[in-house]
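Number of protein chains: 4
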Amino acid sequence: MTDLTAAPADLMIETPSWAYGNSGTRFKVFAQQGVPRDPYEKIADAAQVHAFTGAAPTVALHIPWDRVDDYAALTAHARSLDVGIGAINANVFQDDDYMLGSVTNPDPRVRRKATDHLLECVDIMDATGSRDLKLWFSDGTNYPGQDDIRARQDRLAEALEEVYARLGGDQRILLEYKLFEPAFYTMDVPDWGTSLVHCLALGPKATVCVDTGHHAPGTNIEFIVAMLLRAGRLGAFDFNSRFYADDDLMVGAADPFQLFRIMHEVVRGGGLDPATGVAFMLDQCHNIEPKIQGQIRSVMNVQEATAKALLVDAAALKSAQETGDVLGANAVLMDAYNTDVRPLLAEWRTAKGLSADPIAAYRASGYFEKIVAERVGGSQAGWGA
Amino acid sequence: MTDLTAAPADLMIETPSWAYGNSGTRFKVFAQQGVPRDPYEKIADAAQVHAFTGAAPTVALHIPWDRVDDYAALTAHARSLDVGIGAINANVFQDDDYMLGSVTNPDPRVRRKATDHLLECVDIMDATGSRDLKLWFSDGTNYPGQDDIRARQDRLAEALEEVYARLGGDQRILLEYKLFEPAFYTMDVPDWGTSLVHCLALGPKATVCVDTGHHAPGTNIEFIVAMLLRAGRLGAFDFNSRFYADDDLMVGAADPFQLFRIMHEVVRGGGLDPATGVAFMLDQCHNIEPKIQGQIRSVMNVQEATAKALLVDAAALKSAQETGDVLGANAVLMDAYNTDVRPLLAEWRTAKGLSADPIAAYRASGYFEKIVAERVGGSQAGWGA
Amino acid sequence: MTDLTAAPADLMIETPSWAYGNSGTRFKVFAQQGVPRDPYEKIADAAQVHAFTGAAPTVALHIPWDRVDDYAALTAHARSLDVGIGAINANVFQDDDYMLGSVTNPDPRVRRKATDHLLECVDIMDATGSRDLKLWFSDGTNYPGQDDIRARQDRLAEALEEVYARLGGDQRILLEYKLFEPAFYTMDVPDWGTSLVHCLALGPKATVCVDTGHHAPGTNIEFIVAMLLRAGRLGAFDFNSRFYADDDLMVGAADPFQLFRIMHEVVRGGGLDPATGVAFMLDQCHNIEPKIQGQIRSVMNVQEATAKALLVDAAALKSAQETGDVLGANAVLMDAYNTDVRPLLAEWRTAKGLSADPIAAYRASGYFEKIVAERVGGSQAGWGA
Amino acid sequence: MTDLTAAPADLMIETPSWAYGNSGTRFKVFAQQGVPRDPYEKIADAAQVHAFTGAAPTVALHIPWDRVDDYAALTAHARSLDVGIGAINANVFQDDDYMLGSVTNPDPRVRRKATDHLLECVDIMDATGSRDLKLWFSDGTNYPGQDDIRARQDRLAEALEEVYARLGGDQRILLEYKLFEPAFYTMDVPDWGTSLVHCLALGPKATVCVDTGHHAPGTNIEFIVAMLLRAGRLGAFDFNSRFYADDDLMVGAADPFQLFRIMHEVVRGGGLDPATGVAFMLDQCHNIEPKIQGQIRSVMNVQEATAKALLVDAAALKSAQETGDVLGANAVLMDAYNTDVRPLLAEWRTAKGLSADPIAAYRASGYFEKIVAERVGGSQAGWGA
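Protein chains in written order, with our numbering: chain A, 1 to 385; chain B, 1 to 385; chain C, 1 to 385; chain D, 1 to 385.
It is possible that part of the hints are untrue.
[Unchecked claim] Distance condition first, Cα-Cα at most 35 Å in a straight line; then the derived DSBU-like pairs of lysine-lysine: (1) Lys318/D / Lys28/B; (2) Lys318/C / Lys113/B; (3) Lys28/C / Lys113/C; (4) Lys352/C / Lys370/C; (5) Lys318/A / Lys318/C; (6) Lys28/D / Lys113/C.
In short, the hints are calculated from the structure, not lab data.
On a predicted model such as this, the values are computed, not experimentally measured, just so you know.
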């Protein structure tokens, strides 16, 4: 059996800078106390998540939300807090110019502007040492006939090619897909098939990012994971959970069994091996819950699902599968899922010098009270801003 | 056969004040030119829709977005523009106090505040002569266990009772339901069953409002319409259309056949008779399209669906249904749907002294250019504000 | 804390006679070995489930599949095997006469025939001592216009009234709803709202049956459970699980967390108290897995979900909910869910003189080999027959 | 403007032999009068559809349902009735051996048997002169863990390679995908992405078949059509319509606007040009409606949608799209959709010597009465058999 106290240590989870700021729905962005006022404070919060979990050593940036004058200074700041800069997330959706699209806009001027922003993001990657450029395009149409579906694909391909050509040797594109929202008739990259088609056209440094909240009802996400691992094109996860649409709740909160099944396919396909390059990221909105605690809890949820996936008795599973023992094979999986892995993870934490209960330890640390007191005035640049 | 040139005249459609302001998704509210800066300007825009369609004689208000000091003055303003004030829409979702709910909040102080707002809306109804109080609650929970589902129902019932008791003799409550958003685990009024249960407990002045975008995938909306008409509890429609969730696109834009089927059930159940009290309202967000044109087009879409529904040969349909002629009965319905009713509606407009082509007439009127020039500075209070 | 070793004993789960026969999809009913050839053999199989779980003391019948000449003899047979006859399930969908509906058919002759069958089922209830008449109607339409939605409701109400009047003092109607299949445009009872409307019209002996596989995507089933318990109209569950539509998989197999949430609302609403009259039934199709084992596993899954629900620290949950501690309240629920209750249930079984591992004990019993050898020839009357 | 009276003539629609036999749901296959008892009678019925519509010149076969000793005789029979043999549909789902899969079965013996059946279908193609081998696999799993997702992909790829290698110079594979049913946890080819991945691996003679009823709720089918045309891999349509799942209703019956949008993308992408090789097929189940009439109506529905698509003013649309005129562009599309094209199609039919009203002409022909009288005794081999 897998060494349970060692294995989860392999899984490092990246948290996103924007999770620490206010977020909300179109109806309301509720203001919370102590939210960061600049990228430096976001990184400080992210460092807390790593300090208490030991499993969140990098933080993703969102440009322009996290634009600073001196990326070397920002990177050094992160390093001083024992975390690193992770993926660079391009944002080409929060400018009035992008109302009808960014890289797929019918207007060449807007496309140029959007592509230039993507190239700027690669510059920032060079400055921060980031490996991954995460591209999510809000582009799409709201009404049938509004624009030409195929022409938009051609424009998208053109922009991606230009960005791909600009990538450094170890840099990658992670191309995310999403079924709907903010566009309601078509998204220009609505599903994994579309994302993969573009990645295949680009080359080996282009891979697919699976956001667990971006699928149609009934979609089997772990099947997609298995397909992308088989194709060598699973680049990253954006973890979160949902009951309905892209709810962006804490990963594992809506369907912990699904998260386990996803991690089981990751284990099955070798995705925990760093050599496969699969990045594990959170992408959530803590609209009503405390943000740092929400991130800590999410990291723990991924760890628990992974620990359970590692508990699956692979030999017994294979044997039951090959003999067509439907209930037996399912039981092997469920045995792992039904195991309470929290004691194992507590043991792993203790062995690493961490508190066995990261939430309690964070609550007791006084950090939240400190930032509430300190972070008065100013305003974040971010979600819903 | 129904007199087609007369019948659509019976259908008057209420437009919402908030449709004239900027709206958007959580990702971005795109600013459009010439949007109203106060309720007076919103009403002026609504009056344009009526001027060109002859079918939108009232405008619904949203409180507090449309709060003014002098409702008599606002009503007189509307009257001077040949329109009236319609339903009053309560808003208990855009205040930080409501993060965990309004009338269902676990905190009694917040519940009191929310209920007081509802009572204030009845005061405004008295001042404006409005018949209908439209209640949509964003209340719900995001996480399992977050609050007690049943206790929230009890709190909701308590608030509704207090408001119901405050209603004047001809005033009504329209209780709207919605599957999800902004809450993602439970909404406190997620479906027509929940809304009806509360209406039945309240009394005859409480009826259900059907927003056509607020259902789970696969829900047969016209079935609900038939059920509510049978129960005498269909109070109103909030018309819009959707491909995925609550997209709030122009009614009839996503599935015109569904709109026709809904209007067919309205006709079948007598809902066009003003005595049944069914109110026909638009509730849409024109995120990327011009707002006044969007409303004109939506009114026309409802008129076209209604004209087609009135074309259904009721006797032939009944005969085919009773003899079990599946294809024959379906064909009767499809014959009406496949008819191009635009010439009939053009004729009806011309007979009323309107332009046969409301969109072209509006475009030619110069109104849009005028408001773009005039409405500089100021900011709307509204959606996404 | 609840006495865990005692509590699950309160939950008795009814298994359905049809689960022991062959079943399938429209594409194929795969034949399995050893399936029962008559109702007596079905009851014998059901008795095995009870023998190994101690929690399945009754078996539901399906008429006409389980029609026999002598119900007293059948009941005595069950009794001799230590089980009883449970609910009587009417079947008005497997006769060519019902192509366009049974009690809602436009043809009065067919309606009469269907209603007579329902009355026959009450006769059988008298003979078997059954309390519950479970009514699921496959009635509906495939095409818009095919029949009049409202007229079908009136016909349904008329038939239900006649059956309700025939009920004995302790007998009940359980009215099941289903979103779609086998009808594809409308079902005549598609949702809990429709079912409840009819139950309210009938009287207190009419209650709603919640089949966990009969909802639209995204429907929050535990919310419906809470609403029906609040209204005093939750009559029964038909447990199964689904990934897409009415898949009829083993309960708890697709989303064990949902099953836990459902049982949490049952516990919260007092539904485990026999006085509330909530019946817990399985309704599944074991298309590809061994049937008796599938039922045993399903009973165990319900027990595990219930044990976890009973583990929820109600006082801590209430306290967190009332103070608006979103993450704290959720954590109370998740703590219970994440607990491995299998040791507790094993202890409970051992205390009752059962094997701690019912599946292994059944496998070791030789029963399966015995029926495979004995049940040669004959053909079942049942699903897909 | 397109020559409307000429254009629809280009669109020839293949009808499926199995649509003429009885079909149903898992609950019941209702028997209809006059259904064919062998492949010869099915082809005779298909010939009627062509005789009255002039647009259904080929009929697809389903093997083994339509297995005959002498395919040359069957082909000659078809030719004598003025129709031809179309695609060969393999059936590897109606044998007890396939309970756990056909070409993806864990058992190599079953895989061999299934692949041999596919090769037999190519033999039949050689005998009938068919161009297309349509492959739909019911393969999948019902329970998590039941089998290895990735291993099943490898097995699938292996079988497809063998069949691909066997294809003659002008023969093609059409690989169909389906979200769910009959498998409920995973289908082995659930979406267009999976199908395309396999087609790309096979080579240019492998293309994707889009069944319009095989998608998750909310999927934008016309987007997929545009993507596949762009990739040169759209091989065929299986037309039908659905409200919920794979309802297999008459195409255009559930959402005629969607069908129009699909045909608009076909026109836009050049798919009406026979050189692109896109095949237009019906795949429906007439469970409750007369089958030949149902096919005639379906052919007419596709013709109407195509005629409307051809009416779209491409230049005006392009102009509005390029200038970002959202409402204007949508209006161009809607103008075409709202046009009543039935008179145009009646004119086209008359010009071809057909009745302007195919349904009425068929009804008056006496064919139905004739087959009811003649086809007594015997039983079909087919759906639900």
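To see whether the hints hold, each was checked on the structure:
1. Lys318/D / Lys28/B: 27 Å, holds
2. Lys318/C / Lys113/B: 23 Å, holds
3. Lys28/C / Lys113/C: 30 Å, holds
4. Lys352/C / Lys370/C: Between Lys352/C and Lys370/C the Cα gap is close to 26 Å, so the pair holds against 35 Å.
5. Lys318/A / Lys318/C: Roughly 45 Å separates the two Cα atoms, so the pair is violated.
6. Lys28/D / Lys113/C: 18 Å, holds
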